[in-house]
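Line order of the protein sequences matches chains A, B, C and D.
Take the first sequence: its position 75, counting from 1, is numbered 222 in this note's numbering, and each next residue is one higher.
Take the second sequence: its position 120, counting from 1, is numbered 267 in this note's numbering, and each next residue is one higher.
Take the third sequence: its position 81, counting from 1, is numbered 228 in this note's numbering, and each next residue is one higher.
Take the fourth sequence: its position 188, counting from 1, is numbered 335 in this note's numbering, and each next residue is one higher.
Don't take each hint at face value.
Repeated chains share a single entry, so a pair holds when one copy, or any two copies, can fit it.
[To be verified] Below are the DSSO-like pairs computed for lysine-lysine, each with C-alpha atoms no more than 30 angstroms apart in a straight line:
1. Lys292 x Lys150
2. Lys285 x Lys150
3. Lys150 x Lys284
4. Lys173 x Lys284
5. Lys150 x Lys173
6. Lys173 x Lys285
7. Lys292 x Lys173
Don't read these hints as lab results, they were simulated from the structure.
4 protein chains.
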Amino acid sequence: MGKNRLEAFSDGVIAIIITIMVLELKVPHGDEIAVLLPLVPVLLSYVLSFVYLGIYWNNHHHMLHTCRTVTGSVLWANLHLLFWLSLVPFTTGWMGENHFATLPAAMYGFVLLMAAIAYWILQQRIIASQGEESILKKAIGNDWKGRLSPFMYVAAIALAFSAPWTAVAIYVLVAVIWVVPDRRIERVLTGREAGE
Amino acid sequence: MGKNRLEAFSDGVIAIIITIMVLELKVPHGDEIAVLLPLVPVLLSYVLSFVYLGIYWNNHHHMLHTCRTVTGSVLWANLHLLFWLSLVPFTTGWMGENHFATLPAAMYGFVLLMAAIAYWILQQRIIASQGEESILKKAIGNDWKGRLSPFMYVAAIALAFSAPWTAVAIYVLVAVIWVVPDRRIERVLTGREAGE
Amino acid sequence: MGKNRLEAFSDGVIAIIITIMVLELKVPHGDEIAVLLPLVPVLLSYVLSFVYLGIYWNNHHHMLHTCRTVTGSVLWANLHLLFWLSLVPFTTGWMGENHFATLPAAMYGFVLLMAAIAYWILQQRIIASQGEESILKKAIGNDWKGRLSPFMYVAAIALAFSAPWTAVAIYVLVAVIWVVPDRRIERVLTGREAGE
Amino acid sequence: MGKNRLEAFSDGVIAIIITIMVLELKVPHGDEIAVLLPLVPVLLSYVLSFVYLGIYWNNHHHMLHTCRTVTGSVLWANLHLLFWLSLVPFTTGWMGENHFATLPAAMYGFVLLMAAIAYWILQQRIIASQGEESILKKAIGNDWKGRLSPFMYVAAIALAFSAPWTAVAIYVLVAVIWVVPDRRIERVLTGREAGE
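Start from the sequences, fold in the hints, and give me the full structure.
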């Protein structure tokens, strides 16, 4: 199995997921500003999920870049990841249409958590396929983002039941952590540790 | 006709099929757990079909890997396979929304059966195009999975009329047989034959 | 403009068109055979359009294969073709849901006619871009299929107003003419001419 | 990050956007000409957006052609552009279904404006990544189209509140300016300047 076709297929699926998500933003009846207002939370959750899928697509690319041979377990771990990502449009729409209510916000976090776990499994399968001197293992380093995110999702899911907006704030925070390049964050974190 | 474009087109179609299937999982009104419950069978049938399409994508890739020239009959046999796969979202949604009732469960098996036959035809067309020393013919070996599956689908369709859940169990079993790597299954089967 | 990206984009659009067409086959309420019956004409028109898009994809590939440089006019002629093809799911659904009634059957033919004209324009643009010794010009030969089809569509559109089913029969006939490899048809035609 | 995968992903997203837009053209009930009439403005706005997405796809390709390395900021600037383009089906459907009324027409222009700005940001990020001797910088020249378009969108948005059809006329004009090859337009403009 060449990795090119795995990349092409994953790109295709992620591109479709990111695009059909916008179908939840249904064209309203009427042409006044009032009919747009109920769509604002749907749009906001769309923006958030768009960023998440962008992050996954980006990281997925870098991860596969180090991969030479695609074993059967890498292939199924990849499909497992795509499965959880394919549920993102559903949780995005549900959360947006219910104005970030408790259960939809928790469910949104649950799917992100499962996607993060699926990503981690895929990462482990690729490392295992590369044997001792795994390039990917070196490349991810201490992988603090990858190890921190699942805990933040769990915290967000728990918080959703008392303060759903806190959960959403945590999802935004995790996205920001991934989007902002490492060095800057690390400098900020180091600064804080040194400063406080 | 280069095989690259055939692969790319097939990948595209399968990626779209696998992703639009999730559109059947319609965002419910309300934010309570109760509104999610009717979606459970839809989700379960989605999982099953996701695995089936993953299997087809995977096997399709391996099969085309051995293919050098794409004849007209290979091309149309491939489109024939994609046609039946394109009906999977429909039967998946129908089976899920009717909680695995008789007719939808039988229809689900019928489309799987037709896809299996279409796959077999494509395989024969590629083998024929490769002439005597066909690599694909050697690669598939005795092809026990490919020969067994249609009979299991036929059995499932028949059983759907008395016990629809048995039909679904058979669909799950066929998927498991394809996902689990050969050697392990063969060892299990050999072990059983020897042990009993 | 490299032709690879033009091919990839066209493949993507055609793959999506062919797949979203199946969304017109809406999952019915109820699990009896009766709820499937209204879908039969929708399915039949889907099969017909699937074959047409398969033909276009196939011919489009062969045509671009001869193309080396993509000029601006080739690019827009290609988008023009994709535009008309993108209307096929609409006319397919409309014709299927109205059981091949007059106006939908005529409209179906109109979009096929416009697609055929768009294809012809694209062909001319590529030939023009290749200058004197155009490979494509030689490859298409007398292009009897390409020249015959528009007239058959026009005849079908006219006939739709008195006998819509005749129009549909002509659409099927045109598809058959394109799917069946040339030599066989030519032999049949030659045989007839010689025999009668 | 190789630019090939960025191109392939962008192509995929644009191909899907251009195609799902047609889903707003919903199959009507009934088979008379009367049921088609309400769809005419939807079709017209679809044609306009199809041309816009074709222009973006075309220009995007030429821009990336000059790009050798894809930095993190280029990648996110590209996703930012795709985000705004992904909203085009929504504004297209809203404008079409409301017969080019004030607010939908203004909103349509707003998304075009944001896409134009996103495109400009992406252009700047690529030029910055190429350093001093940027090929892209030379290639775009004075970029009069790119600099003029945002102002025309702003004018159209303002005009939409008094005369929505003028706004639409401006959108058509901008599309024409981009589609028609430069030299011809420049000759026309030069001719006018000289003649008047």
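Here's how the hints hold up against the structure:
Both within a single protomer and between protomers do lysine 292 and lysine 150 lie at most 30 angstroms apart by alpha-carbon distance, with minima of 25 angstroms and 25 angstroms respectively. With identical chains, the CA atoms of lysine 285 and lysine 150 are at most 30 angstroms apart both within one copy (20 angstroms) and between copies (24 angstroms). When the C-alpha separation of lysine 150 and lysine 284 is checked against a cutoff of 30 angstroms, the pair qualifies both within a copy, at 18 angstroms, and between copies, at 24 angstroms. Proximity of lysine 173 and lysine 284 under a CA criterion of 30 angstroms is satisfied in neither setting, with 43 angstroms inside one chain copy and 40 angstroms between copies.
Taking CA atoms no more than 30 angstroms apart as the test, lysine 150 paired with lysine 173 passes in neither setting, with 37 angstroms inside one copy and 33 angstroms between copies. Taking identical chains as interchangeable, the C-alpha atoms of lysine 173 and lysine 285 are never at most 30 angstroms apart, the minima being 45 angstroms within one chain and 42 angstroms between chains. In this assembly of identical chains, lysine 292 and lysine 173 lie within 30 angstroms of each other by CA distance neither inside one copy nor across copies; the values are 35 angstroms within and 32 angstroms between.
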